[in-house]
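Enquirer: The lines below spell out each chain.
There are 2 protein chains.
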Amino acid sequence: MRYAILGTGMVGRTIAAKLAALGHEVVIGTRDPQTTLARTEADAMGTPPFARWQQDHPGIALATFADAAARADIVVNATSGAGALPALEAAGADNLNGKVLLDIANPLDFSRGMPPVLDPVNTDSLGEEIQRVFPDLRVVKTLNTMNCLLMVDPARVPGEHNVFVSGNDTDAKKAATELLVSFGWPEKDIIDLGDITTARGTEMLLPIWLRLWGALGHADFNFHIAGARTGS
Amino acid sequence: MRYAILGTGMVGRTIAAKLAALGHEVVIGTRDPQTTLARTEADAMGTPPFARWQQDHPGIALATFADAAARADIVVNATSGAGALPALEAAGADNLNGKVLLDIANPLDFSRGMPPVLDPVNTDSLGEEIQRVFPDLRVVKTLNTMNCLLMVDPARVPGEHNVFVSGNDTDAKKAATELLVSFGWPEKDIIDLGDITTARGTEMLLPIWLRLWGALGHADFNFHIAGARTGS
Numbered sequence: 004m005r006y007a008i009l010g011t012g013m014v015g016r017t018i019a020a021k022l023a024a025l026g027h028e029v030v031i032g033t034r035d036p037q038t039t040l041a042r043t044e045a046d047a048m049g050t051p052p053f054a055r056w057q058q059d060h061p062g063i064a065l066a067t068f069a070d071a072a073a074r075a076d077i078v079v080n081a082t083s084g085a086g087a088l089p090a091l092e093a094a095g096a097d098n099l100n101g102k103v104l105l106d107i108a109n110p111l112d113f114s115r116g117m118p119p120v121l122d123p124v125n126t127d128s129l130g131e132e133i134q135r136v137f138p139d140l141r142v143v144k145t146l147n148t149m150n151c152l153l154m155v156d157p158a159r160v161p162g163e164h165n166v167f168v169s170g171n172d173t174d175a176k177k178a179a180t181e182l183l184v185s186f187g188w189p190e191k192d193i194i195d196l197g198d199i200t201t202a203r204g205t206e207m208l209l210p211i212w213l214r215l216w217g218a219l220g221h222a223d224f225n226f227h228i229a230g231a232r233t234g235s
Numbered sequence: 004m005r006y007a008i009l010g011t012g013m014v015g016r017t018i019a020a021k022l023a024a025l026g027h028e029v030v031i032g033t034r035d036p037q038t039t040l041a042r043t044e045a046d047a048m049g050t051p052p053f054a055r056w057q058q059d060h061p062g063i064a065l066a067t068f069a070d071a072a073a074r075a076d077i078v079v080n081a082t083s084g085a086g087a088l089p090a091l092e093a094a095g096a097d098n099l100n101g102k103v104l105l106d107i108a109n110p111l112d113f114s115r116g117m118p119p120v121l122d123p124v125n126t127d128s129l130g131e132e133i134q135r136v137f138p139d140l141r142v143v144k145t146l147n148t149m150n151c152l153l154m155v156d157p158a159r160v161p162g163e164h165n166v167f168v169s170g171n172d173t174d175a176k177k178a179a180t181e182l183l184v185s186f187g188w189p190e191k192d193i194i195d196l197g198d199i200t201t202a203r204g205t206e207m208l209l210p211i212w213l214r215l216w217g218a219l220g221h222a223d224f225n226f227h228i229a230g231a232r233t234g235s
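Line order of the protein sequences matches chains A and B. Its first residue numbered 4, the first sequence is counted upward by one per residue in the numbering used here. Its first residue numbered 4, the second sequence is counted upward by one per residue in the numbering used here.
Just to be clear, a hint being listed does not mean it is correct.
Pairs involving identical chains hold if they fit within one copy or between any two copies, as the list cannot separate such chains.
Mimicking DMTMM-like on lysine to aspartate or glutamate, the simulated pairs with C-alpha atoms at most 25 Å apart in a straight line are [as the list claims (entries may be wrong)]:
1. Lys191 <-> Asp223
2. Lys21 <-> Asp192
3. Lys102 <-> Asp70
4. Lys177 <-> Asp46
5. Lys191 <-> Glu163
6. Lys191 <-> Asp122
7. Lys102 <-> Asp35
8. Lys102 <-> Glu44
9. Lys177 <-> Asp127
10. Lys102 <-> Glu181
11. Lys191 <-> Asp112
12. Lys177 <-> Glu44
Don't read these hints as lab results, they were simulated from the structure. Quantities reported herein were computed from a predicted structural model and do not represent experimental measurements.
Using the sequences provided together with the hints, build the complete structure.
Expert: What follows is the structure, encoded as structure tokens:
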């Protein structure tokens, strides 16, 4: 499969590296590849410059959002939440329509200080917003409820724990589920919550996730729905 | 201990019955006891009238919010979210100040249809709102992340799963923890998230809880933080 990963941060790099290791063709999309490659300093989060990371992942190309999306079968939104719609607009509806979009981002708003709040929230979600703006994109919200290292290596956290999928398109959720299984997620631990409006529920896990990160002092934890008694 | 339970619905009755079974003195508070006792029909949720329930629990008194709170060592807010502040105002700051309040309610707003949304949310929570309005009340948010039957009988859901506590007062959280242990919660499964602002995180679990209830078709499930590696 050919994947486009929108976003050059830690989350996008982690997903891209895993997909490449699984034998997929991966292109990372960014606004301006020359600017991204010209950076030589770590960013505010301490993430090393992209060019240095790419030296260790020579098979992964960098392209504009539009070029990355045009070549892909499946697109992954790994932007910061606020960057999602601008990135998708730059990718262009013509390059996106009919494709599966895995939306793994959260609409975190850091403008009011720490901890961040969500925007949109409660009566809307980033997943729904993307689906509304791009009605012909087959949006599946998933993987947004955990640290990125865990997304591609669920065994980092011992015992049973869950990943959620939300979306309107059954075939797109099936494609997402197959990808999750290839990442190491047991099918019984993948919970289909329903249509894309259920993305509100998973995005609204972020506030307690952030507080648990603080209380526990590490990010190697995940939500497990005890008593779920279903793998669907 | 003497407990006042504010709220005559299923949640209040379930907590009251458990506390009475554990040997505590329990008074349920309501706006107007005569009106509550005069009801002969089940409510919109199918909850049987209070007077019928009380026949099976003759040791549990019904009183006004103020009378119930005045006699109590610990007060439990088991109202509907929107009813919480009016109930506490009716109870009166003089009857509440210095006491521990276990806030087990969620600010569900059904006015926009189903599923309900939260109000307040994101930048505020019901727990914080109560703490702000009653600064001398020692508010602990807990038990609001599960079905009421599970609150008092954690073994209903097999395996490990968690209950959270949020609050500014360490001694009040200790009292809440002791009560939870007496309900059957192993101390290692009680997670202290931090101050009362962390109530946002647990209240914001409600949207996914409601969707899981729909997807799973039953309410005997609970959140478990896999990999938490702490009992604090």
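Enquirer: None of the hints should be skipped; say for each whether it holds.
Expert: Right, here's what the structure says about each hint:
no.: 1; hint: Lys191 <-> Asp223; result: both (21 Å within a copy, 18 Å between copies)
no.: 2; hint: Lys21 <-> Asp192; result: within (20 Å within a copy, 34 Å between copies)
no.: 3; hint: Lys102 <-> Asp70; result: within (14 Å within a copy, 63 Å between copies)
no.: 4; hint: Lys177 <-> Asp46; result: neither (36 Å within a copy, 42 Å between copies)
no.: 5; hint: Lys191 <-> Glu163; result: both (10 Å within a copy, 18 Å between copies)
no.: 6; hint: Lys191 <-> Asp122; result: neither (31 Å within a copy, 34 Å between copies)
no.: 7; hint: Lys102 <-> Asp35; result: within (23 Å within a copy, 59 Å between copies)
no.: 8; hint: Lys102 <-> Glu44; result: neither (35 Å within a copy, 54 Å between copies)
no.: 9; hint: Lys177 <-> Asp127; result: within (24 Å within a copy, 37 Å between copies)
no.: 10; hint: Lys102 <-> Glu181; result: within (16 Å within a copy, 53 Å between copies)
no.: 11; hint: Lys191 <-> Asp112; result: neither (33 Å within a copy, 33 Å between copies)
no.: 12; hint: Lys177 <-> Glu44; result: neither (40 Å within a copy, 47 Å between copies)
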